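Visitor: Sequence:
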Amino acid sequence: MSTLLTLLGKDFANLLRNRGALILSLVVPMLIIYIVGMVFGLGRSNPGPTSIPLAVVNTSADASAQKIVDALRVQHTFNVITEYVNPDKTTRTLVEDDLRQLIHDRKFSYALVIPSDFMSDEHLGLHLKIVSDPRNDIESQMVNGLLQQAIFSSVPNLLGKSILSQNKRVLGAARSDQLNRTLANDIAASFGGDPKTILESINNGDFGINQLMQSGSASSSTESTGNSNTDRAASFMSKLVKIDHEQVIGADVKSPTATRIVGGYAVMFLLFALSGSSAAFFDEKNSGIFRRLLSAPVSRAQLLWSRFVYGVLFGLAQLTTLFLAGELLYGVDAIGHIGNLIVVCICVAAACTAFGMLLSAITRSAAAASSLATLIVIFMSACGGAWFPISLMPEFMQHIAHYTLVYWAIEAFGAVLWAGDSFVQLLPILGVLLGITAVVMSVALWRFNRSPLFE
182 MSTLLTLLGK
192 DFANLLRNRG
202 ALILSLVVPM
212 LIIYIVGMVF
222 GLGRSNPGPT
232 SIPLAVVNTS
242 ADASAQKIVD
252 ALRVQHTFNV
262 ITEYVNPDKT
272 TRTLVEDDLR
282 QLIHDRKFSY
292 ALVIPSDFMS
302 DEHLGLHLKI
312 VSDPRNDIES
322 QMVNGLLQQA
332 IFSSVPNLLG
342 KSILSQNKRV
352 LGAARSDQLN
362 RTLANDIAAS
372 FGGDPKTILE
382 SINNGDFGIN
392 QLMQSGSASS
402 STESTGNSNT
412 DRAASFMSKL
422 VKIDHEQVIG
432 ADVKSPTATR
442 IVGGYAVMFL
452 LFALSGSSAA
462 FFDEKNSGIF
472 RRLLSAPVSR
482 AQLLWSRFVY
492 GVLFGLAQLT
502 TLFLAGELLY
512 GVDAIGHIGN
522 LIVVCICVAA
532 ACTAFGMLLS
542 AITRSAAAAS
552 SLATLIVIFM
562 SACGGAWFPI
572 SLMPEFMQHI
582 AHYTLVYWAI
592 EAFGAVLWAG
602 DSFVQLLPIL
612 GVLLGITAVV
622 MSVALWRFNR
632 SPLFE
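Residue numbers (the working numbering): 182 to 636.
Think of the hints as simulated: they come from the structure by calculation, not from any bench. Computed from a predicted model, the values in this text were never measured in an experiment. Among the clues, some could well be false.
Calculated lysine to aspartate or glutamate pairs in the EDC-like style (CA-CA distance at most 20 Å, straight line) [stated by the list, open to error]:
hint: 1; residue 1: K248; residue 2: E264
hint: 2; residue 1: K310; residue 2: D375
hint: 3; residue 1: K270; residue 2: D286
hint: 4; residue 1: K310; residue 2: D298
hint: 5; residue 1: K435; residue 2: D318
hint: 6; residue 1: K423; residue 2: D298
hint: 7; residue 1: K288; residue 2: D278
Ranges between beta-carbon positions, derived for each pair [claimed, not checked]:
hint: 8; residue 1: G520; residue 2: E277; range: 28 to 38 Å
hint: 9; residue 1: V620; residue 2: A461; range: 20 to 30 Å
hint: 10; residue 1: R628; residue 2: Y491; range: 12 to 22 Å
hint: 11; residue 1: L212; residue 2: W627; range: 22 to 32 Å
hint: 12; residue 1: V208; residue 2: Y584; range: 16 to 26 Å
hint: 13; residue 1: S603; residue 2: W486; range: 51 to 61 Å
hint: 14; residue 1: G374; residue 2: D278; range: 44 to 54 Å
hint: 15; residue 1: S468; residue 2: Q322; range: 21 to 31 Å
hint: 16; residue 1: V255; residue 2: G374; range: 29 to 39 Å
Backbone N, C-alpha and C define an ideal beta-carbon position, used for all residues, glycine too.
When you get a sec, could you build the whole thing from the sequences and use the hints?
Guide: So, in structure tokens, the structure goes:
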């Protein structure tokens, strides 16, 4: 028994000495639990997507259209944008012609247009239009569902006003008013209530449509009946509210689902591979390779830059293989964009290689480098949008996402494969990736010059 306890103590002593393994086994699970909890709204007062940019263009002369805009403003899901910012920082009202270019520029991905025929005397019902770039399928489905919910909950009285408008057009104002008074008196006689109050509600457009929308949960104690009522209400509303949809970007993509997700997982796998490859610095030091190389006419700078070039070439090969496999297996159009895709892959591989070399520069062993790499790669992948839409996270995590390598790599791959951007259009994103590479590589080289790795 004492021998068993001694061996058990030896295993725990080794674990405590290996701080990297300890961090990997304790901190990483807690980090994943925290991020997943944030995504699903655990511990948040307002679960679900937050502050998704939504442009709203109101071209209707009907004052009632502003009610929909106001209803969207009070929701925490959307950050409503109604103004266009000019180059000189002045602002003007957003118009529909602005939307498509702004969506192309990734200022926002969703827009609601309230057209001039939003409420017409010529027809019953309401007319709206949604313009979007559904680059993230999960986010797009949620936004469309929440947007329609907000619209449907805001329009019952507007539909009532539309009915009143139709009555006045067909019957004339006098006969329409007489019809409303007769209806109010009949309702009061049959169901009780004050005829004047009922008439006032009718004149305000309240025909009980709002109660119909709520009947799914209020009129039945059984789930099946509640679902049936809700479906009937939704079907009723969809016939009275016409919503046109226009997809600005990605409408011609051959395999939308695969194209959406391949970039995020590709950069995550590359980060893991290049981080492990850069940790090989320690194996070469322990085997004495560095001393033999430095005794030859080889400098530290040449060793580091050769490792960097190797990482870029390795990353380019891995990414190219993954995208070609995506085309072969799932129809991702990689060959059709091969020129720009290779340029993006080189920039992404350079940034990932610089990240791996920085890990080797700031750690003292291969185990520590590997553990720290796992922690940071998982964090960047989760926060950068490789696993979930960043709109599902709290606002502070959405801001963090813009500072991660994974976020910009996904943006670059999406710009090529989803949006089909030209090389000139890619330059801003490529500039960010190369800027990340330059900054991270500079810090890595500075640390390497002060590290005992080559001693």
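Visitor: Which numbered hints are broken by the structure, listed smallest first?
Guide: As far as the earlier hints go, 2, 13, 15 are violated by this structure, in ascending order.
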